[in-house]
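K.L.:
One line per chain: the protein sequences are A and B, in this order. For the first sequence, counting from 1, position 445 maps to 445 in my numbering; every step adds exactly one. For the second sequence, counting from 1, position 117 maps to 117 in my numbering; every step adds exactly one.
Since the hints were derived computationally from the structure, they do not count as laboratory data. Heads up, some of the hints might be wrong.
Far from chain B, by Cβ distances over 12 Å, these chain A residues were calculated [said to hold, decoys possible]:
| # | residue |
| --- | --- |
| 1 | Gly113 |
| 2 | Leu116 |
| 3 | Asn263 |
| 4 | Ala290 |
| 5 | Asp336 |
| 6 | Phe442 |
| 7 | Gly480 |
Examples of chain B residues toward chain A, derived with CB under 10 Å [claimed, not checked]:
| # | residue |
| --- | --- |
| 8 | Gln44 |
| 9 | Asn45 |
| 10 | Arg60 |
| 11 | Gly64 |
| 12 | Met79 |
| 13 | Asn82 |
| 14 | Met88 |
| 15 | Asp92 |
| 16 | Thr99 |
| 17 | Asn102 |
The model shown is predicted, which means the values in this text are computed figures rather than measured ones. Cβ coordinates follow ideal geometry from the N, Cα and C atoms, glycine included.
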Amino acid sequence: MDNESTYSGYSYKSSHSRSSRKHRERRERHRSKSRDISARGDKSVTIQTPAESMLDAESTRGDDRDDNWGETTTVVTGTSVDSISNEDLTRISKELEESSPLECRRYFGPALGAVLGLFAVVTPLAFLALPQLLWRDTLEPCGTPCEGLYISLAFKLLILLISTWALFLRPPRATLPRFFIFRCLLLALVFLFVASYWLFYGVRVLEPRETDYRGIVGYAASLVDALLFIQYLALVLLEVRHLQPAFCLKVVRTADGASQFYNVGCLSIQRAAVWVLDQYYSDFPVNNPALLNLPKSILSKKMSAFKVYNLGEENNTNNSTGQSRTMIAAAARRRDNSHNEYYYEEAEMERRVRKRKARLVVAVEEAFTHIKRHQDEEAAASPKHPREVMDPREAAQAIFAPMARAMQKYLRATRQQSYHTMESIINHLQFCITHNMTPKAFLELYLSPGPTLQYLDTSNRGRQWTLVSEEPVTAALRQGQVFSLRRLDFSLVVTVTPLPFLRLGEEFIDPKSHKFVMKLQSETSV
Amino acid sequence: MSTYTPGQPVTAIVQRIEIHKLRQGDNLILGFSIGGGIDQDPGQNPFSGDKTDKGIYVTRITPGGPAHEAGLRMGDKIMQVNGWDMTMVTHDQARKTLTKKNEDTVRLLVTRKSLEDAVKNSMGTYPRQ
Numbered sequence: 001m002d003n004e005s006t007y008s009g010y011s012y013k014s015s016h017s018r019s020s021r022k023h024r025e026r027r028e029r030h031r032s033k034s035r036d037i038s039a040r041g042d043k044s045v046t047i048q049t050p051a052e053s054m055l056d057a058e059s060t061r062g063d064d065r066d067d068n069w070g071e072t073t074t075v076v077t078g079t080s081v082d083s084i085s086n087e088d089l090t091r092i093s094k095e096l097e098e099s100s101p102l103e104c105r106r107y108f109g110p111a112l113g114a115v116l117g118l119f120a121v122v123t124p125l126a127f128l129a130l131p132q133l134l135w136r137d138t139l140e141p142c143g144t145p146c147e148g149l150y151i152s153l154a155f156k157l158l159i160l161l162i163s164t165w166a167l168f169l170r171p172p173r174a175t176l177p178r179f180f181i182f183r184c185l186l187l188a189l190v191f192l193f194v195a196s197y198w199l200f201y202g203v204r205v206l207e208p209r210e211t212d213y214r215g216i217v218g219y220a221a222s223l224v225d226a227l228l229f230i231q232y233l234a235l236v237l238l239e240v241r242h243l244q245p246a247f248c249l250k251v252v253r254t255a256d257g258a259s260q261f262y263n264v265g266c267l268s269i270q271r272a273a274v275w276v277l278d279q280y281y282s283d284f285p286v287n288n289p290a291l292l293n294l295p296k297s298i299l300s301k302k303m304s305a306f307k308v309y310n311l312g313e314e315n316n317t318n319n320s321t322g323q324s325r326t327m328i329a330a331a332a333r334r335r336d337n338s339h340n341e342y343y344y345e346e347a348e349m350e351r352r353v354r355k356r357k358a359r360l361v362v363a364v365e366e367a368f369t370h371i372k373r374h375q376d377e378e379a380a381a382s383p384k385h386p387r388e389v390m391d392p393r394e395a396a397q398a399i400f401a402p403m404a405r406a407m408q409k410y411l412r413a414t415r416q417q418s419y420h421t422m423e424s425i426i427n428h429l430q431f432c433i434t435h436n437m438t439p440k441a442f443l444e445l446y447l448s449p450g451p452t453l454q455y456l457d458t459s460n461r462g463r464q465w466t467l468v469s470e471e472p473v474t475a476a477l478r479q480g481q482v483f484s485l486r487r488l489d490f491s492l493v494v495t496v497t498p499l500p501f502l503r504l505g506e507e508f509i510d511p512k513s514h515k516f517v518m519k520l521q522s523e524t525s526v
Numbered sequence: 001m002s003t004y005t006p007g008q009p010v011t012a013i014v015q016r017i018e019i020h021k022l023r024q025g026d027n028l029i030l031g032f033s034i035g036g037g038i039d040q041d042p043g044q045n046p047f048s049g050d051k052t053d054k055g056i057y058v059t060r061i062t063p064g065g066p067a068h069e070a071g072l073r074m075g076d077k078i079m080q081v082n083g084w085d086m087t088m089v090t091h092d093q094a095r096k097t098l099t100k101k102n103e104d105t106v107r108l109l110v111t112r113k114s115l116e117d118a119v120k121n122s123m124g125t126y127p128r129q
């Protein structure tokens, strides 16, 4: 299409304003599938250094145009805590990006954790079983104390398994650019622990074929105790520490200025980014680029006012600056009325939207009166009018026709027509009819722009966000930090401020001390 | 204006003042403002010697108005208006009594500190006669 030729990385919005209305709608119908809003249930966050960011935007923009929302995650290898090697990492990752398959990156971390966890849980049982299998005859019989230890071992293992399932066996929600430090620390700790226990077991029990079975059982029980304590540590580090609020994050969307404030606890930058994105999808109204532009008629008035003529001068280099200077001076002298036009245009648009909304509401109310729920007793009562019984889909299609035009005009007035296709409107109508909703409940979806989550479709591919930060992303949040989460056509800028320290004082009020006197003092002139 | 004990008659040195109301458009005005009353806060009264006195006081006089010409001064306590008592009335009752539409003149009995002092001084010189 001819408008695509003006499409460059940063003029995404202006291409809208340059095209005519017809072209825009046609293009948006094409685009509705490849739209930014199409849903993914999962997100991946990759890091970019600020210097590299421009390069990356254009490379991913090319992917976007092909509607290829690949799971583009960076492969972090080796020592990623050291920020010096960052440039190398991103260079390596760009090569690997196209070649790595879609899903495997997402599950690598949890798989590792699962393997280690399984190994750790099986170890005490192995400690108990190996002597029985290998040198059963020489083992000393072990009476009641052993049985007590068996029972406690069994229950502790059961509790360990249940709490591991509850806390850690959840599908991962995000892929972080760098290692999640606490998780790595805990995995390393578990590994070290179990490895050292095996080492001692091998040296002290397996080799000399230790006969004191009670001691072996005690040894296994102590391992299980230690695992429970590591799990306690994991609980505190991963789940509990960040619950107490310590910082206030201000999140501003660069596209239209929508902002929110959130309270978070002590987190690293990447974890805070994931948290912010979780809230973003349900708190922020959907980003509608069509709503942003001032009408072309207002902005471009200045440009076409003056034409500058060259009266036979040979020296062109001076003229260009002279020309622009005269134009600027002339434009400055001219009285600037664009704010006036903007005001009237806004008022006009507001009026138009309200009128169309009124028409829509009336049309929908009337349409809803055409159907009602069929009760089974009525069939016997009125044999004369055998009404055709419809299922919700057919009922929705039947009453969609009278309101279709009003709906379309309203959506066009509020620039939402790209978010709601006819199919989706009929689906929503069917949903509302099934659940006995009133017309107002049906219209709730269209009258206000909902959160972004509402417009995502439910395929499970991840959404790509880029975390841009001047500090390494595993650093903890501090006062005055600013980082931003970039998407293709807008970004979220996050500013960190600490919550103030509160000094709470106490004042006791005796309930008998509430007394009142009259305080009127009028002065009247006669 | 000494402290008043309830149940005992009040004695005061009063001056008789007669004000002729001035007609301004539809209203008859007297040209002063009153404050006080039994429903008001007596502690706020700047003119009373005794801060529990809930009487009606003159708080402002329009210069050149009928009250000023008749000799009323700021800080005077009004004891009677046309025979009606003003020492135990609400603020609104006082206003209504003063602004009756069918009366052209009001005869006030007012008291002030300087009156008492004047009488005391004159009484002091009296026996020397």
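K.L.:
Next item in the hint list is asparagine 82/B. Is there a CB on chain A closer than 10 Å to its CB?
P.N.:
violated (13 Å)
K.L.:
Does the claim that glycine 113/A lies outside the interface with chain B hold up, using a Cβ gap greater than 12 Å?
P.N.:
Given a closest Cβ separation of 77 Å, the condition holds.
K.L.:
Holds or violated: is the Cβ of methionine 88/B closer than 10 Å to a Cβ in chain A?
P.N.:
Constraint on methionine 88/B not satisfied, violated at 17 Å.
K.L.:
If I take the minimum Cβ distance from aspartate 336/A to any residue of chain B, is it greater than 12 Å?
P.N.:
holds (53 Å)
K.L.:
Decide, holds or violated, for the assertion that all CB atoms of chain B are farther than 12 Å from the CB of alanine 290/A.
P.N.:
Non-interface label stands for alanine 290/A: nearest chain B Cβ at 65 Å, farther than 12 Å.
K.L.:
Less than 10 Å between beta-carbons is the criterion; does arginine 60/B satisfy it with respect to chain A?
P.N.:
Arginine 60/B check passes; min Cβ-Cβ to chain A is 7 Å, inside 10 Å.
K.L.:
Would you check whether the claim that glycine 480/A is not at the interface survives, using Cβ distances to chain B and the 12 Å cut-off?
P.N.:
holds (54 Å)
K.L.:
Was the hint right that glutamine 44/B lines chain A, CB cutoff 10 Å?
P.N.:
OK, holds: glutamine 44/B within 10 Å of chain A, min 5 Å.
K.L.:
Does threonine 99/B meet its interface restraint, that is, does its C-beta lie within less than 10 Å of any C-beta in chain A?
P.N.:
holds (5 Å)
K.L.:
Hey, does the aspartate 92/B contact hint survive, CB to chain A under 10 Å?
P.N.:
holds (8 Å)
K.L.:
Against chain A, is asparagine 45/B within 10 Å by beta-carbon distance?
P.N.:
holds (8 Å)
K.L.:
With 12 Å as the threshold, tell me whether leucine 116/A passes as away from chain B on beta-carbon distances.
P.N.:
The claim holds: leucine 116/A sits with its nearest Cβ about 81 Å from chain B, beyond 12 Å.
Hint compliance for this structure: hints 11, 12, 13, 14, 17 are not met, and every other hint is.
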